[in-house]
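Residue-level listing of the chains:
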Amino acid sequence: MELSEHIKTANVEDVTLKRPFHPALRGTLCVTSHHLLFSDRKDEASWQLLILLKNIDAVEKRAVGSSGTITIKCKDLLVLQLEIPGMEECLNIASSIEALSSLESVTEMYPFFYRPSHLTLHGPWGLSSTEQYYKQTERLWDRWRVSTVNSDYSVCPSYTSAVIVPREVDDDKLIRSARFRQGGRFPVLSYCHHRNGMVIMRSSQPLTGANKKRCKEDELLLQAVIDGSELGYVIDLRSAQQAQQARMTGGGFESKSCYSHWKRIHRHHERGKVVQESLIKLVEACNDPSHSVDRWLSKLENSKWLSHVHSALSTAGLVVECVERDGHSVLVHGSEGTDNTLLVSTLAQLILDPASRTVTGFLCLLEREWIQAGHPFQQRCAHSAYSHARLKLECPSFLLLLDCVWQVWRQFPLALEFSEALLLRLAQEAYASNYGTFLCNSEQEKCAAGVKENTHCLFQSLSKPDIEEQYLNPLYEPNDLAIWPSVHPQSLQLWTGLFLRWTEYAQNMVEAREEVWSIVKEHREKAGPDRSNNTPSTHCDTLTPFENLMDELTIL
Amino acid sequence: MEPLADVAMLPGEERVIDKEIIYICPFNAAVKGKVFITNYRLYFKNTDSDTPITLDVPLGVISRVEKMGGASSRGENSYGLEITCKDMRNLRFALKQEGHSRRDIFDILFKYAFPLSHGMQLFAFLSQEKYEENGWNVYEPMDEYRRQGVPNSEWRVTFINKSYELCDTYPTVLVVPYKATEEDLKRVATFRSRCRIPVLSWFHKDNHAVITRCSQPLVGMSGKRNKDDERYLDLIREANGTTKLTIYDARPNVNAVANKATGGGYEGDDAYQNAELVFLDIHNIHVMRESLKKLKDIVYPNVEESHWLSSLESTHWLEHIKLVLSGAIQVADKVSSGSSVVVHCSDGWDRTAQLTSLAMLMLDSYYRSFRGFQVLLEKEWISFGHKFASRIGHGDKNHADQDRSPIFLQFIDCVWQMTKQFPTAFEFNERLLVVILDHLYSCRFGTFLYNCESVRDSNNVRGKTVSLWSFVNSDTSLYINPFYTPESSRVLYPVASMRHLELWVTYYIRWNPRIQHQQQSPVEQRYKELLAMRDQYLKKLEELKLSDSTPSSTHLTNSSTPNAATPNQHITHLQTPF
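Chains as they are written, first to last, in the UniProt record's numbering: chain A, 1 to 556; chain B, 1 to 578.
In short, the hints are calculated from the structure, not lab data.
Treat the hints loosely; a few may be bogus.
[To be verified] In silico BS3-like cross-links for lysine-lysine, where the CA-CA straight-line distance does not exceed 27 Å:
1) A:Lys304 - B:Lys420
2) B:Lys111 - B:Lys19
3) A:Lys299 - B:Lys293
4) B:Lys420 - A:Lys299
5) B:Lys296 - A:Lys299
6) A:Lys304 - B:Lys296
7) B:Lys224 - B:Lys205
8) A:Lys392 - A:Lys61
9) B:Lys34 - B:Lys420
10) B:Lys397 - A:Lys299
11) A:Lys304 - B:Lys294
12) B:Lys296 - B:Lys45
For reference, chain A alone in the conformation it holds in the complex (with noise of 0.2 Å):
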C-alpha cells in the first residue's frame, strides 16, 4: 500500500490552530505522507506550520456540531488544536494522521526522503566507529584489541561489528561467552579512564539460571579485563532479591566463587513499563490546566521522574568512585543490558571524562554507548508520554539520560562545552526526526534496511565544524577534573526547559529570545560586514536565562 493511500482528505481549508499561550489562527491544513502543514491564511508573511506525522503521539476528535475538533498530541509534549469544518473531513484527517504516524515500516519513515540540499548522502555514515575509537585511544593498544567476531552480527545481534576486548581472550572464547550472556552481550569496553587505566565494560547478565550455570570463558574474559589487579566491582543494576529471582528465568548475577576478583554491588533501578509511566504521570502533572497551588509538588514526587534521574546520577557517582577514587575497574550490566546500563555507562564517562564535554565528545559518547551499543531506539521510543496505545516496549531511558545531562550542566555551567539547547534538540529527535540516526533497534537492523546509504545523519550535521552557536554553551571552560554532581534530591529540579516548554514560562522566555535575535539582525544588518567579523553572534534556543544572558554580553 501507497503511503497516499493513507490520505482519505488531503486539504481543508478554513481550519482554525488553537496552540497554548497563541492568538487562534486561520488556515489552510495539509496532510502529506510524513506532515502535518497548516498555513496561515494571510498572503505576505505567511506562517506555517509543519509537524513530522512521526512526532504525533494521540490523535483525539470531537465532534461540535458539523465540524469537529481533533487534538494532536505530539512527542515533543507539545499539543495543538485544529477546529475542522465538516465532520467528514475531520474524520479523515485523523485517521490518515493515525495511519501515517504509527507506520512500523523503516524505510517508509521520513528520514528515507529527506534531501536538503546542503547534504550528500555519500562519504563515511556517523562520527566514529570502534576501530577509530580504538585507533585514537592509545592507552587500549597494549592489552586491548578490536574483534570483529560479531561481524554478521550473529554473536550479538544487538552490538555492533567490532567490539573492543582483552586483547588475551580469543573469538572463541568471546562467542561461548556470547551464549552465556543475555541476547550475546558479552562483557565488552566501554571505556578506558585516561587517569589510571582503568576501565569500564558494559554486558548483559550472565544465564545461571536456576542451577547456577557456569561458563570459564566468561571467567576467563573478566579475569583478563582486571588483569592481576586484585579487585574488579560489578555494578548490578537489579536489587540482589531481583538478581536472585532472575535465575528463575534463566538469568542471574556474577556469584562470588566463581568470579573471585569481582565485587558484586546491586543498586536498584526501575525499568521499562515503570520508567515510561513515570514519565506519563510527569507530563500529566506538568499540563495539568488547574493553576492550582495544590497538590503539584506531590504530583511531581508520586511521579517518580526525579527518583530515577536520581538513581541514575548516584549509581554513574558509584562508578566514577570505583574508577577514579579507589582505581578499579567496573562491569556494569542489569538485565537486558540495553538500557540502564548504558544511562550508567554514559554518565559516568560524562562526569570522567572531559573529552566526552565536548559536543563533539559528547555525540560521539551517545553514538559509541546507545547508537552502537544497540540501543533499541524504535521500540523505546515508539511513543511518548501522550499515546492512547498499550504500551509494549516504550521506555524514555534515552529522554532520563538527557534529563540527568541536564542535571550536570546546571550543576556545572562551565563544564560541558554543549548547551541545553542541544539537550532539547536531541530529546526531540530521538522521537521523530529528519535523519536516521535514530531508526531501528541496532546496527543489523540499520544494514539491513539501508540506512546509512539513504539517510542522513544527524551527529554528523550537528557536529559539523559550524556547528550552529545556539547548541554552545558560551560559559565553556574545559575543565579536567571529574565533575561529581551532587544528587540529593534539594539538587535535582525539574527540568523546565523540556517538561514546561509550552508553558507560560517558556513561552515568555521564546519571545524574549525571538526578540532579541530580530534586534541582533538588524543590528548586524546597520552594521555593515566588518562589524560581523569581530562579534560573536551567539543565539541560543535554550530556555534557561543564563543562555539569554549571554545573548546580551555577545551580541553587542
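Fit chain B to the given chain A structure using the hints.
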C-alpha cells in the same frame, strides 16, 4: 585587646567570657574547641584538629537558650546548652559535668543574647563602627516622592504627621489626594485601624494610577459607615479618573469577616459603590510562622531525603510565597492598566508591605537597582512601620511570643524568586539578600530595629547607631550582579505558578555543608571576566572605528552604547495568568 581567635572584633565589641567547650556539630562528630562570647557574638573555634571548624554567630540571631541534660545525665556530651537560632539553625554545646561548668556561660549568653530583657542596650548602640557613607541618608522621603513625580496637581505632600499626632506608626511625610484637607485626614483616621489612613505608596508617571496603602476600616459587627472615608477613597479614585477603584484586601475573605468581631472589617459594596473589593487569600502572621517552623524541621539539621518534595509541600511555604507573589502581580497589573488601587490587610504593616513593595518592584525598575532597593525597604517596610521589633523579637527573651513572624523573610524570598526568573533585571545579587537577612537579626545596625519611626526617633536610632546601608555601600562590589542590564520602564511579571517557584536552598539549607558547593559563584566569576572582556572589546572596536574615520559614526554610537541597544528582552513578558 587580644584578638578574638582569628576574627577581628568590631569597634565597640568586648569580650565577656571564653570557655573550653564541645560543639556538637550535626554534620560531623562532636568537636572540641573554645567558645568566645562578646557583647556582639558567639565565636567558636575547634582545637582538636588542623582543619578549622568555626562558628561566628551574632547573639542577635539567638531566639532561645536552654540547658540540655543535668548534672546526673548519662551518656557522652549529654550535659550542655542548646541554642535555637532565628536563621534556620540550632547549636548544641556540651560541657564537663563537674562543678556546674555551664552556669556562667548560660547566664552570660542569656543576658547578652537578650539585652532588652535585662535592661541592657542592643549592640547597635554600643558599636563604634565608622563608614565613609552615612547609610541613614539613603532614603530621603521628599527626594523619593519627587522622583516618582509627586507632588503634582493630583497628589500633595502633607506634614500633618510631623510629630506623629495623626498616626504614631506612620512616617512624618505623607502623600495624600490633593483635594483632601487636613481635616478630612483626621476624620478618616478615626475610621481606620490604628489611624493608618490610605496614603500614596507609588505613582505611575504615565497613567497617574497609584498604589495607596492603609489598614482595615473599623466597620465592626454593626457594619458602621464613615462618609469621610468613603469620600476620601473616592478622591483617590478620581485623581486620575479611574472608573472603579480596586481595593485589595490581602486577607482571606473569612478572616476579613472575622475581623468585624474585633471592630475591624472590610469595605462593603453598599458604602463604597465606586470600588471593587478583591481578597487575596494571604494568611496571617501565625500561619506563616508555623509554615517556616515546618520548613526548618525538614531542613535542619538533617534534610528530609526520602520524600523531599511532599515534605516540602506539606510545609506550604512555597504556596504562601505563591499567594504573596500573585497578589502583588494583580496589584501591579491593575496599576499598569491605569487603575488606582488601595491595598490593606488588618493593620497594614505586614501583608500590605509585602504587596506594595513587591508590586513596586515589578512596576518600577528603579527599585531593582542597588540603591533603589534600599530605598524600597526603607520606605515601604521601615518608614511605614513594619513591626520589626515585634516580628523578630530583637534582644527579647520571649521566644514564644505570638507576635514573631517571618513576614520580612518571606518578602525577601519573593524578591529572590523574582531574581531567579529575571536574572538580568536586578542590580544586586543573592548575597545582598542574605546579608540583609543576616543583619535583620544581628542587631549590629540600627536599620531594622524598633517598630516604627516615632519609636526610632525617640531612641535616636539615626544618631546613635550605624545603618546597614553604611556597611553595604562601603563595599558594593560584593553585592553587584554582574549580569545586570539596566532597562527602562517595562513591567516585570514573574510567573507565580508553583511549577516555577523553587525553594531558596542556598539560604534555607545553607548550614548544611553538602549544599554549599552548589552556589553559582563560578558563573558569576566567569561573567565578571566576560564583562571585562566585553569592555576591552568595545574599546578596541571604538578605536578601530575612530581610525576608520567619520562616515560610520552612526555605527559608533551603536557599538559604544551597548546597553541602550541591547534589548530589554526579559521584560517583554506582558501578561501572566495567576
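Restraint check for Lys224 (chain B) with Lys205 (chain B), where alpha carbons must lie at most 27 Å apart: Violated. Lys224 (chain B) to Lys205 (chain B) sits at ~36 Å, over the 27 Å cutoff.
Pairwise hint evaluation, Lys420 (chain B) against Lys34 (chain B), where the allowed Cα distance is 27 Å at most: 40 Å, violated
Hinted pair Lys296 (chain B) and Lys45 (chain B), Cα distance within 27 Å: Cα-Cα ~25 Å, so holds.
Hint consistency between Lys420 (chain B) and Lys299 (chain A) [alpha-carbon to alpha-carbon, up to 27 Å]: 23 Å, holds
Proposed proximity, Lys61 (chain A) with Lys392 (chain A) (alpha carbon, max 27 Å): 24 Å, holds
Holds or violated: Lys296 (chain B) to Lys299 (chain A), with C-alpha atoms at most 27 Å apart: Holds, because 22 Å separates the two Cα atoms, which is no more than 27 Å.
Given hint Lys19 (chain B) paired with Lys111 (chain B) - CA-CA distance at most 27 Å: 17 Å, holds
Hinted pair Lys397 (chain B) and Lys299 (chain A), Cα distance within 27 Å: Status violated; Cα separation ~42 Å.
Pair hint Lys304 (chain A) and Lys420 (chain B), alpha-carbon separation not exceeding 27 Å: 25 Å, holds
Pair hint Lys299 (chain A) and Lys293 (chain B), alpha-carbon separation not exceeding 27 Å: 23 Å, holds
Distance restraint between Lys304 (chain A) and Lys296 (chain B), which requires alpha-carbon spacing of 27 Å or less: 24 Å, holds
Straight-line alpha-carbon gap Lys304 (chain A) to Lys294 (chain B), limit 27 Å: Judged against 27 Å, a Cα distance of about 24 Å means the pair holds.
In this structure, the earlier hints numbered 7, 9, 10 are contradicted, and the remaining ones agree with it.
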